[in-house]
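Protein sequences, first through last, are from chains A and B.
Those letters in the first sequence? Residues 1 to 300, per my numbering, in order.
Those letters in the second sequence? Residues 301 to 859, per my numbering, in order.
Simulated from the structure, these hints should not be mistaken for laboratory data.
In this text, a Cβ means the ideal position worked out from N, Cα and C, and glycines have one as well.
Careful: at least some of the hints might be erroneous.
Claimed, not checked - Sample of chain B residues lacking proximity to chain A, with all beta carbon distances greater than 12 Å (derived):
| no. | residue |
| --- | --- |
| 1 | Leu358 |
| 2 | Arg359 |
| 3 | Pro376 |
| 4 | Phe505 |
| 5 | Glu639 |
| 6 | Leu664 |
Stated by the list, open to error - Simulated restraints on C-beta separations:
| no. | chain 1 | residue 1 | chain 2 | residue 2 | range |
| --- | --- | --- | --- | --- | --- |
| 7 | A | Ile275 | B | Ser474 | 55 to 63 Å |
| 8 | A | Gly188 | B | Asn447 | 34 to 42 Å |
| 9 | B | His758 | A | Arg198 | 37 to 45 Å |
| 10 | A | Asp155 | B | Asn460 | 45 to 53 Å |
| 11 | B | Asp398 | A | Ser298 | 34 to 42 Å |
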Amino acid sequence: MLIISSLKIFRPTCSRVVASSRYSTSTVNPAEIAHFSRLSSQWWDEAGEFSFLHQMNPVRGRFIREKLLEVARDEQPALSEPSSSLLKGLDVLDVGCGGGLLSESLARLGAKTLGVDASEANISIAKLHAAQDPGLSSSTTLSYLHTPAEVLLSDTKRYDVVCSMEVLEHVDNPPAFLDTCAQLVKPGGHLFLSTISRTALAYFLTIFMAEDVLRKVARGTHTHAKFVTPEELTAFFRAYPKTGSPWVDAGRGPPTRTQAEVRGLVYNPLGARWILAPRGAWGAAECNYIFWVRKPPSQN
Amino acid sequence: MLASTSKTIYRPTVHRVLPRFISSSTPEEWDVVIVGGGPAGLALASALGSSKLVRESLRVSLVEASDLSKVHEWSPVAGTFSNRASSLTHKSQAFLKDIRAWEHVDEGRTCPIQDMQVWDGISDARIEFSASLLGTPGHGMARMTENLNLQRGLLRHLANIPQVQILDKSRVQSIDLAEGSSWPLVRLDNGRVLRSRLLVGADGFNSPVRSFAKISSFGWAYDTQAIVSTMNHPPRGAFMGPNTTAYQRFLPTGPIAFLPISPMASSLVWSTKPPLATALIASGPDVLGYMINAAFRLPDVSMRYLHNLILDAHESGSPVTPPQIQTEIAWRERSHGIEETSAYASAFIDATKQGIPPADAESLPPIVTSLQPGTVASFPLRFNHTDSYLGDGQGGRTVLVGDAAHTVHPLAGQGLNLGLADVECLSRCIQDALAHGGDVGSRTALLPYAQERYLENHKIMSVMDKLHKLYSTSFEPVVWARSVGLEVVNEFDSVKTALMMEASGQNGRGTSVWDVTAKVVENFAATTDAVRIIGTGVSGMFGAGIQSILKASSTSSRK
Chain A
1 MLIISSLKIF RPTCSRVVAS SRYSTSTVNP AEIAHFSRLS SQWWDEAGEF SFLHQMNPVR
61 GRFIREKLLE VARDEQPALS EPSSSLLKGL DVLDVGCGGG LLSESLARLG AKTLGVDASE
121 ANISIAKLHA AQDPGLSSST TLSYLHTPAE VLLSDTKRYD VVCSMEVLEH VDNPPAFLDT
181 CAQLVKPGGH LFLSTISRTA LAYFLTIFMA EDVLRKVARG THTHAKFVTP EELTAFFRAY
241 PKTGSPWVDA GRGPPTRTQA EVRGLVYNPL GARWILAPRG AWGAAECNYI FWVRKPPSQN
Chain B
301 MLASTSKTIY RPTVHRVLPR FISSSTPEEW DVVIVGGGPA GLALASALGS SKLVRESLRV
361 SLVEASDLSK VHEWSPVAGT FSNRASSLTH KSQAFLKDIR AWEHVDEGRT CPIQDMQVWD
421 GISDARIEFS ASLLGTPGHG MARMTENLNL QRGLLRHLAN IPQVQILDKS RVQSIDLAEG
481 SSWPLVRLDN GRVLRSRLLV GADGFNSPVR SFAKISSFGW AYDTQAIVST MNHPPRGAFM
541 GPNTTAYQRF LPTGPIAFLP ISPMASSLVW STKPPLATAL IASGPDVLGY MINAAFRLPD
601 VSMRYLHNLI LDAHESGSPV TPPQIQTEIA WRERSHGIEE TSAYASAFID ATKQGIPPAD
661 AESLPPIVTS LQPGTVASFP LRFNHTDSYL GDGQGGRTVL VGDAAHTVHP LAGQGLNLGL
721 ADVECLSRCI QDALAHGGDV GSRTALLPYA QERYLENHKI MSVMDKLHKL YSTSFEPVVW
781 ARSVGLEVVN EFDSVKTALM MEASGQNGRG TSVWDVTAKV VENFAATTDA VRIIGTGVSG
841 MFGAGIQSIL KASSTSSRK
């Protein structure tokens, strides 16, 4: 009942939603979706299952704003806008939005945000939560859609910013998923990804400690083999797209700051908060990290 | 009988049901609802209102039961001062200046504290602090400000910020949860219902917001009552400094403090045993005035005698008269060999006579000639700290500031400063959350506030508590230890400066004379606790005392 009424508020912006038969060709992993659907009711318990994500959210938001500000300043050195108003009016897509943690923040900053998730339960929770907030339910800046990202490619709409936070480590075919996300970005637009690197440290912290020992995160949330390293991500965009000039120049070592950037996200258990490690900080991206890449303005 | 009672109960509900029903169907949407129009609540409203980001993105209201226009139009007669005044630290002042509220405070009615003298009631061991050690000439260590002066300033500031709505003369009737949601609904007695993204309890010790959020607290009442008053006295003579020195003497019954607020008026905070406080107040302002002068001057044995005299007279139903107490004090002075020209004589001194002041005159506050009418009041002292500053679960989206979160022994006038520091931090956290698109009522947005303030407040409150316990004993080794400690620190200006610098923070923001005293005494408290256990292990204690002081100075110089 509640879900139906909130549906009225969140009229989907994407009119051509293809039936779920398309799921077979998507990168969505059914077992993963079942896992998160089971946990969906806990998305907004800030002290519960997803407390790590809640605490990470301000840091992710900060990185997005800082990077947009940096690019905007590179292009117009005289810019004096505060970083919080940079997102105003931009088309933003949040792929794998879960309960809408990041989508709500982006919408509050004025972005025309669409959150999509392959789990119907997640989308219901996200809509329900946003409907309680008069600041979000009365505006038209936030909408949610239950769909895998691949389906959005059939629409012509593209986005200034595409975010996919803590999703890459859960998909079946990372290159295909990255290709989908990349296609959804407007020329000159931004792609933000956050995920976990495939290292021994990451296994120790995110699986052994968080899931097995401390039980802060539900068991089976992460699979070590599915983790992607920052080098692999960078390498992907050095060879992407297959034809035409790549998003990141070929070469070794870290990419130039105008093309891509990797920043470590380090959890400080004493302060119970996440820290965005400085650029190039040694060893900071050994576990959680956030990645930004820009689509060349000339590319379609 | 039963029928008639149920009738009386039934009748009023009929009248109340209708407006409530109408109002509850249309709750107003607010982002921040502050309950409580005291200094902390008004400061938070001002701080939020002074931020452009907040003004543009949040709807803020403040609910207060009383009529705030009386505070807004407060116009005291020149020379008279309210009995509720606080020593605002530099940090508090810097915050108020930063939010541009301080410019609305009448600075002419405030007074900087340039020096401070603290001494032991039994041993007379003394420590002196001077703002000149801090290198902040003219600004003092703290500034005595009437709470009403601050509140009026904040209201004047808020009058320029129409975005922040003040709903005064509105009592909170109940707080509950909106149906099927975790957002609190604040129901006012005028029928309005405020649905709030963030509910701030700035509503004092008996906080309704805290009850709603089911936040428990722990604490205890000290067996102590604080008498406050505004004291009249002649100005300091031509050969003495201005009236900018605070005096505090620790008597075994509790500390008595003299806090300057103008050249001819100062604020009294006298903490003492509740029966004695009752008897002192019942004896009338003249007797109280004589007793204040004596309490700063006479040895402890005589103070005990005078206390008993006043208590006995009060119990017998014939309170001590002014001439009687005057004669008694004069007799005690003679028995201690205090000459009539001494600074320690107060019974028959004509304080209005100017001349060359006696030796030691600056070690003591001016002689009190009268108490301003209607300013004598008293309140019980207590220690109270909530288990959390944030509501949880059903009580989510609530946060406590100021006295609603913590009630502190006013030994060092820290209560208001702690409240303002809470407000500064909370308003910063709210603005941070706004900047990254956060929900200002969420736990994620508020957690940094609780993390930053809880431990900090607890630290200062514990020191106040220790101070109280340390000085409410006449157990000899403890008296000895605390007096040696004070004397030793007083001899070393460099140690004292180091302590003051440490307390003030590297950039001199948080300077407070009280922080410094607390710091000094914190070290002694540790050593005297040991004394209490060992009983006679005096020499070892002495070494430890010095050690802890030197350690404190070396850590601060490392910074």
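Evaluated hints:
1. The claim that B:Leu358 lies off the interface is violated: its Cβ sits roughly 9 Å from the closest Cβ of chain A, which falls inside the 12 Å cut-off.
2. At the 12 Å boundary, the C-beta of B:Arg359 falls inside the reach of chain A, the nearest C-beta of that chain being 9 Å off.
3. A cut-off of 12 Å between C-beta atoms confirms that B:Pro376 is not in contact with chain A; the least separation is 42 Å.
4. The claim that B:Phe505 lies off the interface holds: its Cβ sits roughly 27 Å from the closest Cβ of chain A, which is beyond the 12 Å cut-off.
5. Non-interface call for B:Glu639 relative to chain A: holds, since the shortest CB-CB distance, roughly 62 Å, exceeds 12 Å.
6. The claim that B:Leu664 lies off the interface holds: its Cβ sits roughly 48 Å from the closest Cβ of chain A, which is beyond the 12 Å cut-off.
7. Look at A:Ile275 against B:Ser474: about 42 Å separates their beta carbons, and that is not inside 55 to 63 Å.
8. For A:Gly188 and B:Asn447, the hinted distance range of 34 to 42 Å is not satisfied, since their beta carbons lie about 57 Å from each other.
9. At roughly 43 Å, the beta-carbon separation of B:His758 and A:Arg198 lies within the given 37 to 45 Å, and the hint holds.
10. Checked against the hint of 45 to 53 Å, the pair A:Asp155 and B:Asn460 passes, with Cβ atoms roughly 49 Å apart.
11. Taking 34 to 42 Å as the suggested C-beta distance range, the pair B:Asp398 and A:Ser298 does not conform, at roughly 47 Å.
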